[in-house]
Amino acid sequence: MIELKHLRKEFEDTTPLKDVNLTINDGDVIAVIGPSGTGKSTLLRCINLLEEPTSGEIIVNGEVINSKDCDINEVRKKMGMVFQSFNLFGHLTVIENIMNPQITLLGKGRQESYDKAMDLLHKVGLASKALNYPDELSGGQQQRIAIARTLAMDPDIILFDEPTSALDPSMIGEVQSVIGMLAKTGRTMVIVTHEMDFARKISNRVLFLDEGGIYEDGSPKQIFEHPQKPKTQTFINRLSSLEYAMNYEDFDIEQVAEDLQSYAEKHLIESERTSKVQLAVEGIVMNNLLEMDIEPKIIVRIVYSEKKDLLTLTILYSGQHWDINSSSNILFLSLLKEPTTEVMDERLEIPEDGCNNKIVINFKWQEVE
Amino acid sequence: MKKLLVILLALATVLASFACCFAAVSSVEKIDELDGKKIAVQTAVAYEDAVKDRIPKATWDYYTTPNDMILALESNKIDAYLIEEVGFAAQHYSHKELRRLDEAAGSIGFAITIGKGDNQNRLLLEVNKFIEESKASGLSKQMYDYWVTNWNPEECFYAIPDYDPKAEELRVAVEGAYEPFSFEVDGSLTGFDVEFVCRFCKEYGYRPVFEPIPFDQISPATENGKYNFGMNIVATDERTESSVLSEDYYSCDIVFVVEDVYDDGIGLLEKIGISFDKTFIKENRWKMFVEGTGVTILITLASLLFGTLLGFLVYLVCRHGNKFLNGVAGFFNWLIEGMPTVVLLMILFYVIFGSSKLSGTWISIIGFTLIFACCMFDMLCVGCGAISKGQIEASRALGYTDRESFFKIILPQAARHFLPIYKNDMVSLIKETSIVGYIAVRDLTKISDFVRSRTYEAFFALIATAIIYFVVEGVLSFVISRIQIKIDPKRRSKDKILDGIEQWD
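Quick mapping for you: the protein sequence lines, in order, are chains A and B.
Numbering-wise, this note's numbering comes out as the position in the first sequence, counting from 1, plus 5.
Numbering-wise, this note's numbering comes out as the position in the second sequence, counting from 1, plus 842.
Read the hints as simulated data drawn from the structure, not as lab findings.
Some hints here could point you the wrong way.
What the hints assert, rightly or not - When the alpha-carbon atoms are kept at most 25 Å apart in a straight line, the in silico PhoX-like pairs for lysine-lysine are as follows: (1) B:K1338 - A:K121; (2) B:K971 - A:K82; (3) A:K134 - B:K1328; (4) B:K1231 - A:K82; (5) A:K23 - A:K302; (6) B:K1338 - A:K113; (7) B:K1250 - A:K113; (8) A:K236 - A:K206; (9) A:K134 - B:K1336; (10) B:K958 - B:K1044; (11) B:K1332 - A:K121; (12) A:K206 - A:K281; (13) A:K134 - B:K1250; (14) B:K983 - B:K919; (15) A:K113 - B:K1336; (16) B:K983 - B:K971; (17) A:K134 - B:K1338; (18) A:K281 - A:K342; (19) B:K971 - A:K121; (20) B:K1250 - B:K1008; (21) A:K128 - A:K73; (22) B:K1199 - A:K121; (23) B:K1332 - B:K1231; (24) A:K83 - B:K1231; (25) A:K128 - B:K1336; (26) A:K189 - A:K121; (27) B:K1199 - B:K1044; (28) B:K879 - B:K899; (29) B:K919 - B:K872; (30) B:K919 - B:K1113; (31) A:K236 - A:K83; (32) B:K1332 - A:K134; (33) A:K83 - B:K958; (34) B:K958 - B:K971; (35) B:K879 - B:K938; (36) B:K1165 - A:K73.
Let's have the full structure, built from the sequences with the hints guiding it.
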C-alpha cells in the first residue's frame, strides 16, 4: 500500500503539486491523466523519490520512504519504473540489461538470472534479440525490454511514466498489450498516459490531475463517461471532439483554427479536409450568423469518426432559421456543392441544447480518380 | 606508393638541410664593421654591455647555449656572436670554419654566486680565500693552461674524486653543456668549473653535488637558495647589488666570432659518417640517449598513472556538485591549465620546492601529474556529462546505489567517449615533458642538448631525438588503443557476454 500525505513539490519556477493526498491499495491499476504540465510525471517520480518532495510524506507498506532513516535503494528494488525514453543501458546487451540488475542488486547467480531473463524475453516476444544492443532495436522493442528488466526484479509495484509517448503509432499496440498482460497479474501499477482508450481499458481507477493536485478520482467509467467536475468534462470531451459554445460576439475564429489544426494532427486528418471545415465554419458563423441582428446562443462541434473516416461539423443555433444556400460567400457555396460534402440544414421541432436550428455537414475523404 | 613518395621527400629535405649547415662566409675584420648587424650573445652573460657603445646600431639576439649560436651563425640567422675567448677555443677545435676577430671586445672577470642560507657568509669567505691562494700558488694558471690554452676535447678530463658522504653537501649549479667549463664525457660531468669546485671542496671539507641547469637559471636559482654555488657568473653592477659574488676566479677576453671559409676536403657522405660517429659512438653517447629516453618514459608513465588517479579522485569528490569542492577544483584547474607548463615547473622547482632536496625528476612528475590530472578531470566531466540523465535515473530506479550506478552504468559508457581524448592528451604529455631540462632533469631533449654541445652538430642528435619521441608515442598510443578496444563493450564476443552461463538457447 502506498500513501501520500500532504505531498508538495516545488520547482524553482512552478509548483506542480501543491497538496496531494492519495492512498493506493495493493493490486490497484491506476491511470493518471490530465492536461500537460499538471504534475503527472512529477507525482509518479515522487513515489520512488527520483524527485525529492518539498514537503509531505510518502509511505510505502508502512515505511516513510522520504525520511532519512529509510534506505531508498531497498525500497526501489521492490518498485519498478518504466520510462518514456526506455533508458536501457546502452553499453550492455539486451540479456545483460535484464541480468545485471538481478546479479548486482539481488545477488543472484549468473545462470539463475539468465534463465529468468530468457523467460521474460520469451514473454515479451523478444528472445531472439537477447544478444543485440539496445540501439539496434525499435522503440517498441526497447520498451518491452525495459518492462522485462523491471519485471526481472520481481517488483510489487510498477510505475509507468508515459510508456508509449515516445513511440511510433505503429508500435504503441505491442507495448500496450504487454502492459495489459501485466495488469492482470495483480501487481500494483501506476500509469501516467495520454492514451485515453488504453487508460480506460487497463485501469480500475483513474486520477485526473489539475490545479496542483488530484482534481477528480474515480472509476474509468465515471471519469470517461460521466465526469463530475467541469475541467474533467472539458478535457474528456476535447479528446473526442472540438466543441465551442458561446455568444456571437465572443466567437474567436483564430482559436478554432488553431484547435482544429492540432485535432487534425492527432487524428491524422489530411489538411485539405481541415481547411474545408475551417472554410465552412467561417462561411456559416462569421459571414452569416454573426451578421444577423440577434443575440442567440451558438454551438459549434467538430467530430471525427475514425471508423467511417468522416469529419462532421455540427452547428446549432437558436432564433430565426437561416438558409445556408443564401450565403453570399461564393467559395463556401461551391464547397457545399462538392460531391464529398453532405449537407443537412433543418429546423428542429424539439430544441437540442436550447437551439432550434441545426446544420450538419459531413466531409468525406476525397477519392483520387 | 604515396608513402614511399613522402619518405623520399622527407629524406631529400633532411639531406638538403644537412648540406645547408656548411655555408656562408663573412668578410668582417674589425669590430666597427659589425654595427647594424645582427649579433648573438648568450642569455644572462651581459657581454654586450662591453661593446654596446662601439656598435650602437647592432641588434642583439639571445641564445641559451653557445652551441645554438654556432648553429645560428652557420644557418645565417646571425652575422656574428660574442663569446669569451675560452669558449671560442673549444668551439674552434670542432669548427675550423669559425674565425674570431683579432681585436678583443673586452675583458671579463668570472665569479661564483653564493646562494642564500646560513652558510652564505662562511662560504663566501672560504671561496675568496681559496681563489686568492690558488692565484698565489699558480694553481689557477695551471688549470687555465690545461683547460683553455692547451684545450683538447679528446683528452682533457677531470674525474670527480670520492668524498666523505658525511661531509656537508655543497650544491653547485653549472651549465653542463659548456666546454671547457662543464660538460659530459661518458656520462660523467667534468670541466674547469668542476675541477675548481672539487678542489675547493677537498680543501674545505665539503661534498659537491653538481646539477646542470640552463645558464640563465643559474643566477636566480642560486640567489633564492636552491644552490650554494652558481658557476661562471659575470659580475655586472646590477648583479653585485642583488647577489653575493665571490672574487673573480678567472678572467679572459671576449671576442666576436664570424664565419670563414674552411675546406677540410672531406666529402658530404664522409662528413655524415663522421658526425654519426661523433653523435652516437664516441664516448658511448648512445648510452646517454638510452638514459634520457628512460627518464622521459619514467616521467611520462608516472605522471600518466598518478595524474589519472588524481583526476579521477577529484572527479569522484566533485561529482555531486558540492559548490565549495567544485569551486576549489575549478580554481586549481584554472590555475594549472592557464599557466605555461614550463612556468608551472619552474614555480614548483624554485619556489614551492625551492628549499627541498626533491630531485628535478620528482618535481617534473609532480608537475605533470597536476597537469594530467586537470586533463583527466575535464575528460571525466565531459565524458560523464555526455551520458543521458535517463541512464542514471533508470539505474537508480532499479535500486542501484549512487556508487554502483556510477561505476557500472555511467563510467563504462563515458569511457567510450573520453578514451580517444585521453590518447591525444597522453601524446601531448609526452611532448611536453621535453621541457623538463629547465629544472635540471636529464630527459631525452636535454640529452640531445648535451650531445650537441659536445659535437657542435645538430643534425643526428635532433633527428634521433625526434624519432625516439615518435616511437615512444607510437607504443603508448598503441597500448591505449588496445585498452580502448578491450573495454569497448560492443566488441565483446558472445562467450564473454554469456560468461558463466552453462546452458543457453
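Hints, one by one, checked against the model:
1. B:K1338 - A:K121: Answer holds: B:K1338 to A:K121 is near 19 Å, not above 25 Å.
2. B:K971 - A:K82: violated (84 Å)
3. A:K134 - B:K1328: holds (23 Å)
4. B:K1231 - A:K82: OK: B:K1231 and A:K82 at ~20 Å, within 25 Å.
5. A:K23 - A:K302: Given that 25 Å is the threshold and the Cα spacing comes to 38 Å, the pair is violated.
6. B:K1338 - A:K113: holds (19 Å)
7. B:K1250 - A:K113: holds (17 Å)
8. A:K236 - A:K206: holds (22 Å)
9. A:K134 - B:K1336: holds (13 Å)
10. B:K958 - B:K1044: holds (22 Å)
11. B:K1332 - A:K121: holds (23 Å)
12. A:K206 - A:K281: violated (34 Å)
13. A:K134 - B:K1250: holds (22 Å)
14. B:K983 - B:K919: Given that 25 Å is the threshold and the Cα spacing comes to 37 Å, the pair is violated.
15. A:K113 - B:K1336: holds (21 Å)
16. B:K983 - B:K971: holds (16 Å)
17. A:K134 - B:K1338: Roughly 17 Å separates the two Cα atoms, so the pair holds.
18. A:K281 - A:K342: At roughly 12 Å apart (the allowed maximum being 25 Å), A:K342 and A:K281 satisfy the hint.
19. B:K971 - A:K121: violated (91 Å)
20. B:K1250 - B:K1008: Since the Cα atoms of B:K1250 and B:K1008 sit roughly 55 Å apart, the hinted pair is violated (cutoff 25 Å).
21. A:K128 - A:K73: The given pair, whose Cα atoms are some 38 Å apart, is violated under the 25 Å limit.
22. B:K1199 - A:K121: Violated - the C-alpha atoms of A:K121 and B:K1199 are around 63 Å apart, more than 25 Å.
23. B:K1332 - B:K1231: holds (21 Å)
24. A:K83 - B:K1231: Distance ~22 Å between A:K83 and B:K1231 Cα, so the pair holds.
25. A:K128 - B:K1336: Roughly 23 Å separates the two Cα atoms, so the pair holds.
26. A:K189 - A:K121: Roughly 20 Å between the alpha carbons, so the hint for A:K189 and A:K121 holds.
27. B:K1199 - B:K1044: holds (23 Å)
28. B:K879 - B:K899: Roughly 8 Å between the alpha carbons, so the hint for B:K879 and B:K899 holds.
29. B:K919 - B:K872: OK: B:K919 and B:K872 at ~20 Å, within 25 Å.
30. B:K919 - B:K1113: holds (23 Å)
31. A:K236 - A:K83: Given pair A:K236, A:K83 is violated - Cα atoms ~35 Å apart, limit 25 Å.
32. B:K1332 - A:K134: holds (15 Å)
33. A:K83 - B:K958: violated (71 Å)
34. B:K958 - B:K971: holds (19 Å)
35. B:K879 - B:K938: It holds: about 23 Å lies between the C-alpha atoms, which stays within 25 Å.
36. B:K1165 - A:K73: Holds. B:K1165 to A:K73 sits at ~22 Å (cutoff 25 Å).
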